[in-house]
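Asker: Residue-level listing of the chains:
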Amino acid sequence: MNNAGLDVFFLTLGAAMVLAMHAGFAFLELGTVRKKNQVNALIRVLTDFGFSTIAYFFIGFSVAYGIHFFAPVSELNIIGGTANGYEMIHFFFLLTFAAAIPAIISGGITERVRFWPNALATVLLVCLVYPFFEGLVWAGNLNFQSWLTTTFGYAFHDFAGSVVVHAMGGFLAFGAIIILGPRKGRYSPDGHTIAILPSNIPFLALGSWILCVGWFGFNVMSAGTADAASGLVAINSLLAMVGGMLAALVVGRLDPGFVHNGALAGLVAICAGSDIVHPIGALVIGIAAGAIFVFGFQFIQNTLKIDDVLGVVPLHGVCGAWGGIAAGIFGSSAVGGAGGVSLIAQLIGTVTGVLIAIGGGLLVYGLIKATIGIRMSEEDEYHGADLSIHKISAYPEDDMNH
Amino acid sequence: MNNAGLDVFFLTLGAAMVLAMHAGFAFLELGTVRKKNQVNALIRVLTDFGFSTIAYFFIGFSVAYGIHFFAPVSELNIIGGTANGYEMIHFFFLLTFAAAIPAIISGGITERVRFWPNALATVLLVCLVYPFFEGLVWAGNLNFQSWLTTTFGYAFHDFAGSVVVHAMGGFLAFGAIIILGPRKGRYSPDGHTIAILPSNIPFLALGSWILCVGWFGFNVMSAGTADAASGLVAINSLLAMVGGMLAALVVGRLDPGFVHNGALAGLVAICAGSDIVHPIGALVIGIAAGAIFVFGFQFIQNTLKIDDVLGVVPLHGVCGAWGGIAAGIFGSSAVGGAGGVSLIAQLIGTVTGVLIAIGGGLLVYGLIKATIGIRMSEEDEYHGADLSIHKISAYPEDDMNH
Amino acid sequence: MNNAGLDVFFLTLGAAMVLAMHAGFAFLELGTVRKKNQVNALIRVLTDFGFSTIAYFFIGFSVAYGIHFFAPVSELNIIGGTANGYEMIHFFFLLTFAAAIPAIISGGITERVRFWPNALATVLLVCLVYPFFEGLVWAGNLNFQSWLTTTFGYAFHDFAGSVVVHAMGGFLAFGAIIILGPRKGRYSPDGHTIAILPSNIPFLALGSWILCVGWFGFNVMSAGTADAASGLVAINSLLAMVGGMLAALVVGRLDPGFVHNGALAGLVAICAGSDIVHPIGALVIGIAAGAIFVFGFQFIQNTLKIDDVLGVVPLHGVCGAWGGIAAGIFGSSAVGGAGGVSLIAQLIGTVTGVLIAIGGGLLVYGLIKATIGIRMSEEDEYHGADLSIHKISAYPEDDMNH
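Protein chains in written order, with our numbering: chain Z, 1 to 402; chain R, 1001 to 1402; chain G, 2001 to 2402.
In short, the hints are calculated from the structure, not lab data. Because the structure is a prediction, the values reported are computed rather than measured. Glycine is no exception: its CB is placed at the ideal position from the N, C-alpha and C atoms. Any given hint might turn out to be false.
[Unchecked claim] If you only want the chain R side, here are some residues facing chain G, beta carbon under 7 Å, derived: (1) Leu-1197; (2) Pro-1202; (3) Gly-1224; (4) Asp-1227; (5) Ser-1230; (6) Leu-1232; (7) Leu-1238; (8) Pro-1279.
[Claimed, not checked] Far from chain G by the CB rule (all over 10 Å, computed), these chain Z residues: (9) Gly-5; (10) Leu-6; (11) Ser-62; (12) Phe-152; (13) Gly-185; (14) Ser-188; (15) Pro-189; (16) Asp-190; (17) Gly-191; (18) Asp-227; (19) Leu-254; (20) Gly-366; (21) Ser-377.
This is chain Z alone, in the form it adopts within the complex (with noise of 0.2 Å):
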């Protein structure tokens, strides 16, 4: 038996759940902006993903962990004493991950950026500013853990990324959303909120459908290695997407964009103590992530009027920082969890993460922004972005008869 193959089948299937997880943030988009928007919608997850993998495979994973592919196949097939390659599966893993990031703000920047400096915003980030915090909480770089270890008993404990990828994600997307602004009508003059409807609601639920069904490949396969698996893990995932949609239901009164993002809320939450924590503390964890996006996307959008149009700060970086958190509170032996985490170490990593975003985010946005721009011209926002970048509608057939 050769563990090594096992060990890239398994994280094979990780890697294509969470690339299936990016049509996934595709289609959540697509139905949630205007139709005039959806192709770019598309488009921009798609390459986002592209160009992630190039910055990432050349420099990004290399800031993290110190290791790149710039040898023989022969070399690159047992790096660090692995055999089938499985570093390079590893590779594919992680950048799943960290290709979420543009992903992730995507949502929060639709319906107005541009397209060329999204794309060089996407390699900023995907270079430099995810591997940097990523690898101090999964890599030990810098002796951030050990820091922590030696302080407070215990590391910083983000199994599958409630900070390292979410919270990030989510984060920087509220600096992009800052630097850019409101989309045109959104706000009116005098203050007050108007309403853009979204397009599709079965496209932006097929959406979270793929989203929810990738995520126990995010999470389980976390473990790195079959032997690691964990059915905690994934009954955690489980009971956690279910407290958040639920909540969601009952908090966002039946709305379906509510309740299907309520549900990626409670996994976004979950990944950092799924490991640890009782399947019922993930209820519990999910729920509030479900009541705590609700009321942070009304609160965001209406009150502090910020024009975030799928809701990611509160989805992806408010849930994210409440997952990092509560691993250290529902973790603990106490309440039944693993033990092993400290919440003050939770608190600092958390922090430390969203610190990171907000500041990176306002810096490569608004470097961007200061140098080649970054919004797209009032007319080409007007027109949509599908007709003024891809020169091509959603429903192309249609508009011929029209």
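Let chain Z serve as the given structure and place chains R and G on it in line with the hints.
Answerer: Chains R and G alone, transformed into the frame defined by chain Z:
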């Protein structure tokens, strides 16, 4: 080598694939119902999964198997002497089956059922009715299987749930549909059937495709452990699917609804005997199922005047029962099967399941109707469940332009 | 530990993922054709899979590998000394490749081909033409590979079917399209090309996404057993996909059809050498494939006036042939590849496949045209295949309101 890790991996994929099938149920229903009920179809199927999870986690699973998860994580990981939290992923896998019950019923009662009463029915069915029969067949409860074995030589064989899941769901739907009555306008006062056309064939087809692909997780992973994975189960599922699809193509005269549901009919029928029949037997089982579905659909809708919107009674109910019986015929070694099966035991097991389902459906939905009511008001039904219940249509942006 | 069980698990996932790709083919075609032919696209792709299963099960698989399944179950489970019915899941996995042949062709001949004559072509191709070349390359039939090895030092290397599947399908389509002729109105009498616009970019994109994700099953599971699973195959598939997507983005000027098909072009081209080329070689192969697809698409449609609706000749045919040759270039150890490959053998293998495909396509479709006819009547084509053949449109409810 750690077999428990591999088995958790195995069932994680099974659970994810059957979870995906619930998206399939949602889109199959969305494509078949009228536009004004699409959002409701999506939300009901999604949240029925959520309610089922709660019901099965806290009650249903212990009704069937006597196992619960009310212990610290350290104990959950090793329930029954397994490792890696195997029993928790086993729960998740079996939950995706349990949750298929409301998903199946949903297709029969759609376009007129109230939201919360339906959720209550889901909880009752997944807490009690389904796990009761599941426990009889798969956990040996009440000595049902040992009595069959003693009396007829063999237990009731239902490998992946033709009867336990599909006939149960389909005939529960039968009771529910009778209780609910037909949609307004489905049958004219003088007894004619009035066509209510599906809204969206591409989404219907998408749902069918997702179900077909996920079904290979449903059947193959029913082995429970990777060691027991069987190529025979896979090829039999394939050939039954193809048989059902092609039979429905011919009998249904190239109609897309029949073809896409015909594939599912074959898959429903092969679940029970997929581990024991010969591939050519599986093909025959599937062909019969495809024809049964088309004729059954027309018979129930046009002759019996029962408004089973998606045809779940013939699809899951009748084809599921056919699968239970067919395992007793084609599983015999006389026709190249693996043997170890008794036609009489198959008949008894199947009839028992069907009777429990019809009784349970009439009882649960009848009780709810008699107490809190089960059916939408005429006005709500006229306006559609989307606007009535969810205050939004499936394509909100379009509405604004009309 | 039972390796056979693990390998059945491995190939079950591979088969399920490539089965899903057929849904991808269906939606890619549905999104590209006009609305009046969407149902037909769905049904043809689905039932072509069904006809292929029958053809390959009863004839094609034994043409290629000399193995059949006409024995009792007890013998099927241990064919060739394997266990757990490995050979049956191996059949299923290889069937999903065989069935890709009609799925590829479908995109070229859509919107004008008759239903049953097309089904006949599917059966002939999957019974005879495809397995003949498949057997030459993958089963060592007729000493084709041993002759190449003796003469040029190495056999023709086609790991996952750039030539065996894709160039074969693409060039079979070439013959079929020539025989069928262009759609009515595609070229004006004075030789101008008239745009026929796609109906639905979101469904086109959905199809592409499903194909991309499923492709990792196509390539990685081509290893046949979990022990042989290779991270190199996965990362190479990833980088070729990204290369194709980004090249098509630039060359195709941000057009959604080009971008989403460009990713597929890279994946087509990497199949052959994914187990031997360096990841950067894979990226270059993908970039070239993306550019080849865009230029090839425009050349064949506008210059050659061949009405290849989805561009399957450049996509699968030309990029597949490029992949066969590229494996001989980038697989060389001189450029960091794993070596063990001969450029001349690659050229001979590729050209042999292309010639068999062109000849086979002209022959099969020519014979059918000459005998029972292959093309829809002008009136049926005008009204669309959906109403003409299936008596229903893709959005029946909408029709009723018009």
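Asker: If a hint holds in the structure, say so; if it doesn't, say that too.
Answerer: Hints versus structure:
1. Leu-1197: Since the shortest Cβ distance to chain G is 4 Å, the answer is holds.
2. Pro-1202: holds (6 Å)
3. Gly-1224: violated (11 Å)
4. Asp-1227: holds (4 Å)
5. Ser-1230: holds (5 Å)
6. Leu-1232: Holds, because the Cβ-Cβ distance from Leu-1232 (chain R) to chain G comes to roughly 4 Å (cut-off 7 Å).
7. Leu-1238: It holds, given that the least Cβ distance between Leu-1238 (chain R) and chain G is near 5 Å, below 7 Å.
8. Pro-1279: At 6 Å from the nearest chain G Cβ, Pro-1279 (chain R) passes the 7 Å test, so the hint holds.
9. Gly-5: Gly-5 (chain Z) not clear of chain G: closest Cβ-Cβ about 4 Å, inside 10 Å.
10. Leu-6: Label violated. Min Cβ-Cβ 5 Å, cutoff 10 Å.
11. Ser-62: holds (14 Å)
12. Phe-152: Check passes; 36 Å lies beyond 10 Å.
13. Gly-185: Holds: least Cβ distance 24 Å, greater than 10 Å.
14. Ser-188: Answer for Ser-188 (chain Z): holds, closest chain G Cβ roughly 31 Å.
15. Pro-189: holds (34 Å)
16. Asp-190: holds (36 Å)
17. Gly-191: Gly-191 (chain Z) clear of chain G: closest Cβ-Cβ about 35 Å, beyond 10 Å.
18. Asp-227: Non-interface label stands for Asp-227 (chain Z): nearest chain G Cβ at 12 Å, farther than 10 Å.
19. Leu-254: holds (24 Å)
20. Gly-366: holds (25 Å)
21. Ser-377: holds (16 Å)
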